[in-house]
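A.B. asks: Sequence:
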Amino acid sequence: MSGRKRRNNFDNDDEDDYYQHEFRPRMQKRQRIPPVVQLCKEMMPDITTIGESKKAFEEDIKLLSEAIVNEFGHDEYFNNALLSTLRAVILEQPHKQPAIALLTITVNSQNEVTGKNIINFFFEELQNTCNDTVKISELKLESNNTGPWNRIKLLLRFLSLLSPILLNDDIINIYTQLLNLAVELNNLDSEKRNPLAEAIYTNTLVDVPYLFYFNKSDKDLQNKVDQLITTVEASFKIKHTTLQLLSQYNTSVVPYETIELPQVSLSNVKKILANNMEQLEQLFINWNHLLPETLNGDQGFNDALKLPTCEDLKLFSFFNTCENAGSVDGMWKTPYYIFKIYLPQSTGDFDTVVPINTYAGQLFRDIFIDIVQSLEFNRREVAKQIVMIDLFFKEKFFAEQGISIADLIETYEEDPLASTYKIEDNVIETILSLVFKLPTVSQPFAYFYTLLVDICQNSPKAIAPVFGRAFRFFYNNIDNLDFELNLRFLDWFSIQMSNFNFSWKWNEWENDSKRFSSSIYNPKIVFIKNLIRKELRLTSTPNEVNSSLPDEFKQYMNTSYFSSDILCTIYQSYFVNEKLQITFEDTKSNDLIFKNEKFPFASIVSELLDYIHKQNDVRDVNELETIIAKFNEGTDPLSNHITDFNKFIVFLLTQCVVHCGSRSLSHANKYISDLYEELKTVWDKLDIPQDIREATIIEAVLTYWNSNSQNGYLIVDAFKFVGMVSAKAIYEFCFKDWNGKVYGLMDVTSIDAIFRTLSNQVKIIKSEESIESGVEDFETVFEKLCIIINDAIVNLNVSNEDTINIPEINDTTELTNLEELQRLDMLWKYSTAVSFAKSLLRKYATQYRQLSEKLLTGMNAAIPHAPTRNVLSTWIKEVEEL
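In terms of the UniProt record's numbering, the sequence shown opens at residue 1 and continues consecutively.
Derived by calculation from the structure, the hints in this document are not laboratory data.
There's no promise every hint is true.
[What the hints assert, rightly or not] Listed next, the in silico SDA-like pairs over lysine to any residue satisfying Cα-Cα at most 20 angstroms (straight line):
(1) Lys306 x Gln177
(2) Lys333 x Val254
(3) Lys670 x Glu732
(4) Lys598 x Ile649
(5) Lys728 x Val762
(6) Lys340 x Glu260
(7) Lys670 x Leu592
(8) Lys54 x Lys219
(9) Lys598 x Ser639
(10) Lys437 x Asn288
(11) Lys720 x Phe755
(12) Lys720 x His667
(13) Lys598 x Asp620
(14) Lys595 x Asn543
(15) Lys877 x Leu851
(16) Lys270 x Val183
(17) Lys216 x Lys237
(18) Lys340 x Val183
(19) Lys763 x Asp737
(20) Lys333 x Glu184
(21) Lys524 x Tyr571
(22) Lys680 x Asp620
(23) Lys271 x Leu243
(24) Lys524 x Thr583
(25) Lys524 x Thr541
(26) Lys554 x Ser707
(27) Lys741 x Leu821
(28) Lys614 x His667
(29) Lys877 x Ile431
(30) Lys461 x Ser513
(31) Lys505 x Ile495
(32) Lys437 x Tyr611
(33) Lys877 x Thr846
(34) Lys239 x Ser190
(35) Lys192 x Lys877
(36) Lys505 x Ser662
(37) Lys680 x Thr626
(38) Lys437 x Ala406
(39) Lys314 x Lys216
(40) Lys614 x Ser664
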């Protein structure tokens, strides 16, 4: 269609038939595709790629407009294909809207009936979407659906681009209605923010400059827009909402000023329309030379737009059914804080990301988010489209793609007026803002992580340094980064590393390791340890990881959950010392150490393993009990040399089952499920309390899988699934203090186990359709953290009124005193536990709302330290606003 000759697959039917007759089995002759279908197959891809080739753009507009005028109205198939393609591009690739608008304006100049049909179609789409806003709870939105209000924004933007052929009053009336609705919703409460009001206000304002894309000289339109802006400025009150629970950092000392999107929207629009729209000229491509010579602005809408009333929308205005709201609309439920990574001070005295307090900065962020969210079903297309946005804006608005920071600094020094905006920085920062969105992300993490991998694989030389700067930013701020965001950073970093051969580029972090390697809770050391262990779990060739690490970090290649001394202590606790001695050599690998012939009961263990391996139909629990009874035979029975025989049997049987199922998680699950009744029968006859039994099962699993605790915790999940282990036992184990180490604060597999168990409890509550019950787990975990926090405060030996601050430590800070290092470690333990509590309250806000009164009442006794108690109490109260 665009002058690019396509191969016709249907030109050689006669030749194909000859070959079928002479050399192939006889088959039915291929059916010829109807001409209109073939036309659509050739034409619609040209519409979806419009603007991607600057050289072909003018010809595309000419040929496509002629084809539309010639074909539209003659065949329903063509009409539907065209309109659905236009709609898809407008909603899924908003950067191409101006090109589609130019095509529509050109079509309208050649045939006003066809133009009117296209306008009517999109007006009806707008009306239908408005109708959907009060049926949101009935809609089952696909994952790529950004939500009805976001679609309204995109449809209005497209209609705004058509302003040269529309009646000014008709399009301005839509703006007036939407902004009036935003004001009404905003006034429902004089103090409390209304999420929907902010969404409509911001979404509508960001469309305003598009009215002038092809229509900058229309004074009547300018006057009407000026009046619109003056009215909304006077009537819409911006309500600043500071929720500490949503802060990406744990203290008031943050790398950048916190900005809410609605507070900059109006000023952004006013600035870009000021000075005869000078900034607009610098942003939007000037395609006026492609406009038809005659433009009659006389197309109107058949009806006035009917918006739902403020009363109709009151129920939906807080996005309480957030899972039905859509991926972008749902982001408005909580205050829309702007996330930043690439700050000017990291590159020089200039921005590489277009500032959010400019219209361009707001618009690019808006477009990037819409592409990422609405094209989620085609990740590779997202990776392609999102880095070519600069093609659809004024040339040189962005710096040259792939330019290094060093070259950019040189360019800036030579010409301070040259653009320093890097398209790559803008794209990656926006995607990471979705990954690090609090309280929840809009799509599964895997989508964002793999999208980032795709973008980097498409342009590794350009994107890899951008990732590297992001890694450094997060690492440098990790001491203050929110607990949950720390985990997300760890996941993202490890996935990127695993997809790029584990190549380690961050040798400057070695100094932190040299200074704090003995620390248990230092955030940077905890991060490095967890990162390397995660990398090792992601590869079957550990040497790849080892070879890429500097020598300083190779000490963290040991993936053991428990240190060798703790592990030996656990095993030794089951035996009388003089008879059985556990050594490090016994415990150094993932294996059943009791098979070793040095243990006098090794033959009994072999019988247990043989029993477990038997088929279900030939096993008999009496045989199992007979084998166990052998521990009590003889004049000097083996049980005499075991400190707690009942507990040991639970430990031993658990390890035997886990050993038999060690080939894979599915094998482990099968053995646990198959042996459930027999194990229960044996254990129920033992004199051991239920809580001790459950703790022993978990201990047995984690000591067996000591070098891969992720597997261990997943197998513990299997024991929980069949009812042998409770959620409470998992929390108790994760938060247990092992010689000063609380793994639930510093080991990611333990932390993941806590969150996974709590999230499963949320599913159970939902399945029972009750939020009034089942919150005991959440209370338990919060109480455990309060105990850890209080113990740390006691060890810090501060008064109940003193503020606890972690001193700022830089590369020149000397730390040679052991006592000073131990105090720092206790401060890091304290801050980690407090940050964990913050993430917990935010992540499970629905459950903690049920507990807020109880937690606030008990806070005085739980936390005597007033500053800490006040912080936790503030967060508990904020839960009501999430």
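A.B. asks: If a hint holds in the structure, say so; if it does not, say that too.
C.D. replies: Evaluated hints:
With a CA separation close to 9 angstroms, the supplied pair Lys306 and Gln177 stays within the 20 angstroms bound. Restraint check for Lys333 and Val254: not satisfied, since their Cα atoms lie roughly 23 angstroms apart, outside the 20 angstroms limit. Proposed proximity of Lys670 and Glu732 is contradicted: the alpha carbons are some 26 angstroms apart, above 20 angstroms. As the CA atoms of Lys598 and Ile649 are separated by approximately 19 angstroms, the hinted pair is consistent with the 20 angstroms bound.
Taking the CA atoms of Lys728 and Val762, the gap is near 15 angstroms; set against the 20 angstroms cutoff, the hint holds. For the hint pairing Lys340 with Glu260, the CA-to-CA distance comes to about 12 angstroms; that is within 20 angstroms, so the pair holds. With a C-alpha separation of about 19 angstroms, the suggested pairing of Lys670 with Leu592 holds against the 20 angstroms cut-off. Pair hint Lys54 plus Lys219 does not hold up; C-alpha atoms about 31 angstroms apart against a cutoff of 20 angstroms.
With a C-alpha separation of about 16 angstroms, the suggested pairing of Lys598 with Ser639 holds against the 20 angstroms cut-off. With a CA separation close to 39 angstroms, the supplied pair Lys437 and Asn288 exceeds the 20 angstroms bound. For the given pair, Lys720 sits about 15 angstroms from Phe755 by alpha-carbon distance, which is consistent with the 20 angstroms threshold. Only pairs whose Cα atoms come within 20 angstroms are accepted, and Lys720 paired with His667 is accepted, the gap being roughly 16 angstroms.
Straight-line distance between C-alpha atoms of Lys598 and Asp620 comes to about 29 angstroms, which puts the hinted pair past the 20 angstroms bound. With a C-alpha separation of about 29 angstroms, the suggested pairing of Lys595 with Asn543 is violated against the 20 angstroms cut-off. In summary, the hint linking Lys877 to Leu851 is supported, as the alpha carbons are separated by about 11 angstroms, within the 20 angstroms threshold. Note on Lys270 and Val183: the hinted pairing holds, with a Cα-Cα distance of about 18 angstroms set against a maximum of 20 angstroms.
Restraint check for Lys216 and Lys237: the C-alpha separation of about 29 angstroms exceeds 20 angstroms, so the hint is violated. Note on Lys340 and Val183: the hinted pairing is violated, with a Cα-Cα distance of about 29 angstroms set against a maximum of 20 angstroms. Annotation: proposed proximity of Lys763 to Asp737 is violated, straight-line Cα distance about 29 angstroms (limit 20 angstroms). Simply put, Lys333 and Glu184 have alpha-carbon atoms about 18 angstroms apart, close enough for the 20 angstroms limit, and the pair holds.
For the suggested pair Lys524 and Tyr571, the alpha carbons sit about 31 angstroms apart, so the restraint of at most 20 angstroms is broken. Simply put, Lys680 and Asp620 have alpha-carbon atoms about 13 angstroms apart, close enough for the 20 angstroms limit, and the pair holds. Our distance criterion of 20 angstroms between C-alpha atoms is broken by Lys271 and Leu243, whose separation comes to about 29 angstroms. Restraint check: the Cα-Cα separation between Lys524 and Thr583 comes to about 32 angstroms, which exceeds 20 angstroms; the hinted pair is violated.
As the CA atoms of Lys524 and Thr541 are separated by approximately 25 angstroms, the hinted pair breaks the 20 angstroms bound. Between the alpha carbons of Lys554 and Ser707 the distance comes to roughly 16 angstroms, so the proposed pair stays at or under 20 angstroms and holds. The suggested pairing of Lys741 with Leu821 holds, with an alpha-carbon distance near 15 angstroms, which does not exceed 20 angstroms. In summary, the hint linking Lys614 to His667 is supported, as the alpha carbons are separated by about 14 angstroms, within the 20 angstroms threshold.
Restraint check: the Cα-Cα separation between Lys877 and Ile431 comes to about 31 angstroms, which exceeds 20 angstroms; the hinted pair is violated. Restraint check for Lys461 and Ser513: the C-alpha separation of about 29 angstroms exceeds 20 angstroms, so the hint is violated. This hinted pair checks out: Lys505 and Ile495 have alpha carbons roughly 15 angstroms apart, not beyond 20 angstroms. Between Lys437 and Tyr611 the alpha-carbon distance is near 51 angstroms, which puts this suggested pair outside the 20 angstroms criterion.
With a CA separation close to 12 angstroms, the supplied pair Lys877 and Thr846 stays within the 20 angstroms bound. Using a Cα cut-off of 20 angstroms, the hinted pair Lys239 and Ser190 holds, with the two alpha carbons roughly 9 angstroms apart. For the hint linking Lys192 to Lys877, the alpha-carbon distance of about 15 angstroms falls within 20 angstroms, and the restraint holds. With a CA separation close to 35 angstroms, the supplied pair Lys505 and Ser662 exceeds the 20 angstroms bound.
For the hint pairing Lys680 with Thr626, the CA-to-CA distance comes to about 16 angstroms; that is within 20 angstroms, so the pair holds. Of the pairs offered as hints, the one joining Lys437 and Ala406 is violated, with about 31 angstroms between alpha carbons and a cut-off of 20 angstroms exceeded. Under the criterion of a C-alpha separation no larger than 20 angstroms, the hint pairing Lys314 with Lys216 is inconsistent with the structure, at around 37 angstroms. Distance check on the hinted pair: Lys614 and Ser664 sit about 18 angstroms apart at the alpha-carbon level, within 20 angstroms; holds.
The structure fails hints 2, 3, 8, 10, 13, 14, 17, 18, 19, 21, 23, 24, 25, 29, 30, 32, 36, 38, 39 (numbered hints given earlier, in ascending order).
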